[in-house]
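Asker: Now for the letters of each chain:
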Amino acid sequence: MKSEFKASITRAVNDANLTGALGKFSEAYKVNRTKAYEGIDFEALRSRVAEAKSSAACHLDEVAEIFKKNAEALGAKVYRTKDPEQVKQYILKVAQDNGVKTVVKSKSMATEEIHLNPYLIKNGISVAETDLGEWIIQLAGQTPSHMVMPAIHMTKEEVAELFSKEVEERVSTDIPRLVKVARNELRPKFLAADMGISGGNIAVAETGSIVLVTNEGNARLVTTLPKIHIALIGVEKLVEKFETVVPILDALPRSATAQLLTSYVSIITGPTPNDDGSLKDMHIILMDNRRTEMAQDPKFKQALQCIRCGSCLNVCPIFRLVGGHVFGGIYTGGIGTILTAWFDEMKKSEDIQGLCIQCGNCTQVCPGKLDIPEMIMEIRRRLVLEKGQSLVQKAIFGVVNNRKLFHGMLRAASVAGKPFTSGKFIRHLPLFLSDLTDGRSLPAIAAEPFRDTFLKIEQPKLQEKAAFYAGCLIDFAYPEMGVALVKLLNKAGIEVTFPQEQTCCGAPALYNGAYDVAAQNAVDNIKVLLQEDVRYVVSACPTCTVALVHEFGKTLDTLGQTEWLSKAKQLSEKTVDFSTLVKHLVDEGRLSFKEGEELGKITYHDSCHLKRTLNVFEQPRELLQKAGYELAEMFECDMCCGMGGSYSMKLPEISGPILQNKLKNIKETGAPVVAMDCPGCVLQIRGGLDQDGAEVRVKHTAELLAERLKD
Amino acid sequence: MYEQFKTRAVGVGAEVYRFEKKRDALDFILPFLGKEGVADAPGCYAVWADCPFLEGMDNGELKNVPGLSFEVSRSRAAQSRIGISQMEWAVADTGSLVQDQSAAEQRLVSSLTGIHIALVPSGNVLADKSQLFARINPQTSRYIAFITGPSRTADIERVLTIGVHGPERLIIIFVDELGGENI
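Quick note, the sequences are listed as chains A and B, same order. Going by the working numbering, the first sequence opens with residue 1, and the numbers climb by one from there. Going by the working numbering, the second sequence opens with residue 1001, and the numbers climb by one from there.
Just chain A, same shape as in the assembly:
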């Protein structure tokens, strides 16, 4: 990562105003959004939105042509272009042909995307943004930091400072006062403007309508007062049918600002009369700027389902810490990373794509059903293809791809008996090591890896068998978790096998874009794990489980190694995470826990992959309660702990504060023990609490349950 990028992150996370405002907003947003969606079947709603948008994206050119024909029949002038430069020239020409001196604008990300304002100003036309947030950042000479709330990074004091300069008198920091200043200052500009420029939230092909969704009322003035109205609309806003406006209007305000509906929605279909009786000169520009190319790319077509609500930013644990400006472009956050990679260039996303920790929060709330983490992974993969791995990564993955060498080195580390902060090469191995101990202690490598311990465990000979896939962390750092799992399954009448040739699940390589390495890991594991005749393949690491269940097949498919797909599917069907399997065994009456003892409070941390990819969150809670614990939920129990595999090593300045937040939420429950199902989260949280000095035990659910087995 470039050093100026790192520096911008450090600046952002240390900006108390920014992290305070964003943090508070993001916490409140979650609650308010849930309330706004009360009584609505969100899954059904977002399916409607996604299907309609996807259908339009499938034949954009045709839909755009229908729009053009219908809008022109009503008297609007429709201009279609792929090129942002032509958009600017077109607008300038309309302005010059009509002697336009002043322009008022309502909010439009498309105009920001092509940097329209500086272009018009350079050509002698005065431009006023009228959305309050946009006006603030225009006065400040900045770019929006959030697509719905452009000035969320600024304090009222900073705004008062800007306004004071603009109106040439001292303005107080009272927010209603500041809003009044904006109203008074902008009103004459509205009344005098020769041209209004708006964006468009929806463009309906079958009717030639554009839909504008606003709260302030500025878009109504922009489209009413000046005699010329130009709407600049990205082609991804096109839908085929008028009826699609309904689900988008149901979703957009709820997802964007947790409102049932914004104060104003305008559906404009062709030019309307001006207040002097003349007819509006209405222009609609449908801009492509690589959107059609995107629609034709099978991995990125889904990006056109975006309705620009910004909810992916609002729930992102990274965005709430760093804000929008570290993204460096016009579009920010996860979706911004993807749009920047396309609208600017792939290279520009090189640093910012690394900000995504792959927690999946955004996938849960996206009303367009975009899988942003997946698209960011694809960007990573393409960047690696284009540029190759860094030398260090190459070396690391070279080792990971050779199981004997990899495991040999891990054993060597254990023999050295030192924690991982020492040693030269090994500390860069995925998942384990780092020169970072700030805020988190790192585990020592176990004196004996699970693979050796396993050989000494005496198991009863049983008919039913399950293969245990340990994953690197349980195998080499937390073998006791594996021992607990064997104990539990034996008790339920299942004999555990441990295929010794199993190796890394490939997640570290995959999340760094090294798909070829991940594919090799996948093939090696598929061979080994399918060798034995077992009923289940069980893992106590959600990241590994996700690799076995989903990623092996997807990775091999992406690389075209289709000969392995049916085997990958076989493995996927057999694989189950620890809590789901144990819950199943308890339900079948094959396993029960000691009764009659109250163990006191426990709090549970949901790991990203378990909660959001595997959709498992009730099972461990029920098991822990059955075992005698009283559940005390923490605030934001399913928010990422900041581990994210090698993420915590690459971006400790972000991982650290996320961890601190998690620790605070854990401690506030007053529970003396926190449970989780992921050894990676254990590493992060146990290390954090250790440095923090708090008396909270951090345990894998398996360990806690094994303690409570009936004799």
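Hints are supplied without guarantee of correctness; some may be wrong.
[Unchecked claim] Label pairs and their calculated CB-CB ranges:
#1 A/E51 <-> B/Q1139: 34 to 42 angstroms
#2 A/A16 <-> B/K1021: 54 to 62 angstroms
#3 B/G1043 <-> A/A140: 26 to 34 angstroms
#4 B/A1134 <-> A/G670: 48 to 56 angstroms
#5 A/E386 <-> B/M1001: 56 to 64 angstroms
#6 B/K1021 <-> A/K82: 56 to 64 angstroms
Please keep in mind that the hints were generated in silico from the structure rather than gathered at the bench. Note that beta-carbon positions come from the ideal geometry of N, C-alpha and C, so glycine has one too.
Mind docking chain B on chain A? Use the hints.
Answerer: Then chain B, alone, in the frame of chain A:
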């Protein structure tokens, strides 16, 4: 449905009243204009856009209200404290009013003024957007406007503030006598 509408609309900061007769509504509106300082002076005017409510009204009484005008121009609206118009539909689940505002004066009175008084036929309360969309047609209505509460922003420190560019008060007056679909 009316009650649901009222709850939602009040929830977003609108004020909601209901009268049986047009006369009753007028007896509310005219003193309200006086109370709000409507007078024959720039900044203090009131504008009333053409609407079914006015049909058959005794214009003598209304014409004599100081500052109140039925000729809606941009400059008059910009200098008005209060704008009055009739909205066609009320949508209960979001507390929204909807009208074909293709005529510019309908937008001027409801966007440039500080207070917007919206008259609505009591019988035109609809349950939700799907009912509404069965009744609106963009082919015949070029500017379909939804108004939900007063103008608002939260662009400075996420603090909700009322009345940025549009009206800072929305007063909704249902009038039974105006009829509507459901009566």
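Asker: Look at each hint and say if it fits the structure.
Answerer: Evaluation of the provided hints:
1. For the hinted restraint 34 to 42 angstroms between A/E51 and B/Q1139, the CB-CB distance of approximately 25 angstroms leaves it violated.
2. Between A/A16 and B/K1021 the CB atoms are about 59 angstroms apart, so this pair conforms to the stated range of 54 to 62 angstroms.
3. For B/G1043 and A/A140, the hinted distance range of 26 to 34 angstroms is satisfied, since their beta carbons lie about 31 angstroms from each other.
4. B/A1134 and A/G670 have their C-beta atoms about 55 angstroms apart, which keeps the hinted 48 to 56 angstroms range intact.
5. At about 59 angstroms, the CB distance of A/E386 to B/M1001 agrees with the hint of 56 to 64 angstroms.
6. For B/K1021 and A/K82, the hinted distance range of 56 to 64 angstroms is satisfied, since their beta carbons lie about 60 angstroms from each other.
Hint violations for this structure: number 1 only, all remaining hints satisfied.
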